Amino acid sequence: MPLDCILLVVAAWLLIGIFGVLVLHRLRLVARLMFPAGGLAGLLLAAAAAWSLTFPPASVILPIGLPTLPFHFRLDSLAAFFLLILGAVSAGVSFFAAGYFRSGEGTPPGLLCLEYHVFLASMALVLLADDAYGFMVMWETMALSSFFLVIANHRLGEIRRAGYLYLLMAHVGAMAILLCFGVLQANTGDYTFANLRAQHLSPFAASLAFLLATAGFGAKGGLLPLHVWLPEAHPAAPSPASALMSGIMLKTAVYGLLRVTFDFLHTPLWWWGLLLLALGLASALAGVVFAAVQVDMKRLLAYSSIENLGLVFAGTGLAVLFAAYDMRPMAALALTAVLYHVASHACFKSLLFVATGAVLHATRERSLGKLGGLIRYMPWVAWITLLGALTSAGLPPLGGFVSEWLLLQSFLFTPGLPNAFLNMLVPVVAALIALVTALAGYTMVKFFGVIFLGQPREEKLSQAHDAGYWERIGMLWLAAGCLVLGLFPVQVLALLDAVTRPLVGASLATQAGPWLLAPIDPARASYGPVLFLLGVSGCVATTFLLVRWRYHGRLQRVPPWNCGYPWRNARMQDTAEGFGQPIRQIFEPFFRMERDLPDAFDATPHYRVSVSDPLWHWLYLPIARTVERLARLAGQLQQGRIAIYLLYSFLTLIAVLLVVRQ
Amino acid sequence: MNTGLLSQLLEVLLALWLAPLLTGWVNQWRAWLQNKSAPSLLQPYRKLHKLFHKEPVLAEHASPFYRMAPYLVFGAMALACAIIPSLSTDLPLSPAADAIALVGLFALARVFLSLAAMDVGTAFGTLGARRDMLIGFLAEPALLMVLFCASLLSQSTSLTTIVDQFAHRQFAIHPSLALAGVAFILVSLAENARIPVDNPATHLELTMVHEALLLEYSGRHLALLEWAASLKLFAYACAGLALFFPWGVADARSPEVLLLALPVLMGKLAVSGALLALLESVSAKMRIFRVPEFLASAFLLAVMGMLINILLGA
Chain C
5 MPLDCILLVV AAWLLIGIFG VLVLHRLRLV ARLMFPAGGL AGLLLAAAAA
55 WSLTFPPASV ILPIGLPTLP FHFRLDSLAA FFLLILGAVS AGVSFFAAGY
105 FRSGEGTPPG LLCLEYHVFL ASMALVLLAD DAYGFMVMWE TMALSSFFLV
155 IANHRLGEIR RAGYLYLLMA HVGAMAILLC FGVLQANTGD YTFANLRAQH
205 LSPFAASLAF LLATAGFGAK GGLLPLHVWL PEAHPAAPSP ASALMSGIML
255 KTAVYGLLRV TFDFLHTPLW WWGLLLLALG LASALAGVVF AAVQVDMKRL
305 LAYSSIENLG LVFAGTGLAV LFAAYDMRPM AALALTAVLY HVASHACFKS
355 LLFVATGAVL HATRERSLGK LGGLIRYMPW VAWITLLGAL TSAGLPPLGG
405 FVSEWLLLQS FLFTPGLPNA FLNMLVPVVA ALIALVTALA GYTMVKFFGV
455 IFLGQPREEK LSQAHDAGYW ERIGMLWLAA GCLVLGLFPV QVLALLDAVT
505 RPLVGASLAT QAGPWLLAPI DPARASYGPV LFLLGVSGCV ATTFLLVRWR
555 YHGRLQRVPP WNCGYPWRNA RMQDTAEGFG QPIRQIFEPF FRMERDLPDA
605 FDATPHYRVS VSDPLWHWLY LPIARTVERL ARLAGQLQQG RIAIYLLYSF
655 LTLIAVLLVV RQ
Chain B
241 MNTGLLSQLL EVLLALWLAP LLTGWVNQWR AWLQNKSAPS LLQPYRKLHK
291 LFHKEPVLAE HASPFYRMAP YLVFGAMALA CAIIPSLSTD LPLSPAADAI
341 ALVGLFALAR VFLSLAAMDV GTAFGTLGAR RDMLIGFLAE PALLMVLFCA
391 SLLSQSTSLT TIVDQFAHRQ FAIHPSLALA GVAFILVSLA ENARIPVDNP
441 ATHLELTMVH EALLLEYSGR HLALLEWAAS LKLFAYACAG LALFFPWGVA
491 DARSPEVLLL ALPVLMGKLA VSGALLALLE SVSAKMRIFR VPEFLASAFL
541 LAVMGMLINI LLGA
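Here the protein sequences come in this chain order: C and B. Counting from 5, one number per residue, gives the positions in the first sequence under my numbering. Counting from 241, one number per residue, gives the positions in the second sequence under my numbering.
The hints are simulated quantities; they were obtained by calculation from the structure and are not laboratory data. On a predicted model such as this, the values are computed, not experimentally measured, just so you know. Note that beta-carbon positions come from the ideal geometry of N, C-alpha and C, so glycine has one too. Among the hints, erroneous ones may be present.
Some chain C residues judged to face chain B by a derived CB distance under 7 Å, without partners named [stated by the list, open to error]: (1) I379; (2) P431; (3) G458.
Hey, can you work out the whole structure from these sequences and the hints?
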């Protein structure tokens, strides 16, 4: 029954998309009618998915696709959880998009509407697919529709370049996933997931499948070293599409990896966990360090996505480790942390991306160096973004903190592992996670402070307008998600239990009441976000009232003191580059930096610094050069003269005849 | 339950009342050690009193965020003092926030203060915000590692459980805790804007960190932030004493010790305040770019403490 509902929602999305093509250039109609309708469908999807979490798995076979190969769909709790995120987050983004698409982005609005809704529908079907064939078809549809969204503004050369890189990496990943399914079916020729689940592979084959899955899904999830497309493609898309890609599409990679590792492969090996842990932590650290030095607000968020997905993969690695040593309750705890972070990242990253969209609309400016002081002109956007930025920084009592808390708790259990070598890694890993979270705080202070606080760095910013009603509704909805995830972890954990139990076969221990999060034992660790919030706000309110009552509330407004320095302008504020400077200095080996320092006697001094990813130069450019060289060699066969081609045909014919005669 | 509520309330009120006294005490000792005539012990109270009465002068384009931040920072610090078991481990608020949440609470206050400093948009404010976040992102993981050392020993991240266990076990020197203790001292120096990381008495804007954040604040807002800074020092001192010298802290089983706990705490604070002044007097302030090395060594010490804990189980 919930499965029917979900398929109906998918059909509705496809219909909305097709209708969008029929009214190709009617911007107002598309924006004010199609996108809110898509958002309502998303809400319906979220409701159906939440409802189905308590149901046993349901499946259905639809006779579409190839004649002998129908699509199999199955809705189990893992898929339902990701569908819940898809529905809830896409609803907020769609409402925002209703107000966002005010002028054409290069692609006609109707076409954008089609691409957007096909993208949503394909993500839902990826999560529902129950055979490798359907999964790959939907996976490719997802990649293609998002590719077209990325190049919506295709008149700009750099956006076309970003789109090309994205398409290339998406296909490298898809090939790895296809090969992974090939290994998993173990020569039975049956590609339904039921069959993949029933196979018991040798450790070698299972490891091969796991490595292929890590490569394939890692490429989609921005895992190092396959992350280079992410900071190019995500910022290039229009903001609602960036929000969907960062907020939801990256999560399909997590879904795929969990599906393969915990559902198809029954006995994980411990070094899989170690590999995931190492790759995840490397991505997290690299992501956050690069995010801290970015000067483009959307690129900053894209790198922050790499960081968050890195943490998710590291948590998955920990869950695999625990599962490999058959410590089921601990695996459940780590997996819960992973899923929690997936949910909260989906909320806050979509929120931050749509907020950059609102800023972009109001100011036509993406560079942090030309923004500033927007809290005075766009208070709605600023305050809602503050909530998202605090969540992203992992601060209590918001959603990001709960997942960090759960992850650190599961690390504190690792000393129970029966492997001394792994035990020694615990302090290092926990330290790195703590460092990454603290750096995320640094990055978010930079992000929010430079855009919204201070004085406007350009004249035109004082004309910035606040977000419209539709945009506000979308943003408020996503912000509510951050708050709910932060304040009601016990209730969310009760939902998550239905997801983790079938995967690892254990539940978390009893909870200590509805207001206290205590996944193991209240004496061991507990966290009560509501009580925490009441404590802070109680202290704040008491202080405020006491100060007012005991003293006074008078206030005098004057120009800033600025230590008595007589003149000042907005250019004297710290810039985004300045904010990144300590990070550039401390983490210098991470970067490939080019710097032009002005001479002391220069009449017009210029300072220029550019930071790029060293992996691009060490790994990708050599590969690209090799491919080009090989292509040139192959190209020598192509002479363009008919006689030579006839000679080729003749030689081929003789070769074939030789083979056939034997 | 009643004694729990009582000790909870007592802790917060005592923290609010004693925190400026601790600051005054440290200042007094520093003056003595540097052979200066010391200000009165009550000088911080007089300063707060004066500032609360003054009319705040606010930059004309400051946003509401700027006015909100002092209250928030103060509230966060008051809550931090409430959940650290300095007098008693029988605290009803304690289950709401464990060691990780305590670190989160400090981070929350720092983020708000840094953002507020960026709000007016003067050069020194943003510079201070950047530096404070730099110190913060290095000190925060180090503090977390220190707390994890204690958590691994007591199998709990709840502060009251940790202190309860430490107070009621046989006396033993744990090598991991010794390393964590050194790391904790380094972190507290950095987090509380003390020499060698920052100078609370500086008058030179270019070298300021914490003071640069407060440059544009005045009147009651400044008073709240100054008070919050002393609360933070008090919270760190209490946390350190509770973790490394937990004797004399009352618990639910013996609430009558609460009467004894107060003089014990004051004695411990008096000694640690004097030691802090000594530490500050014998060291010199370092350049801002030496600070990452300083904090990285704290971080590594704490990580080594955890490693030793896992290898030796002590």
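> Should the hint that C/P431 touches chain B count as held when the rule is a Cβ pair under 7 Å?
Replying inline: Holds, about 4 Å.
> How about C/I379: closest beta carbon in chain B under 7 Å, or not?
Replying inline: holds (5 Å)
>> Quick check on the hint: C/G458 CB to chain B CB, less than 7 Å?
In response: holds (3 Å)
In this structure, every one of the numbered hints holds.
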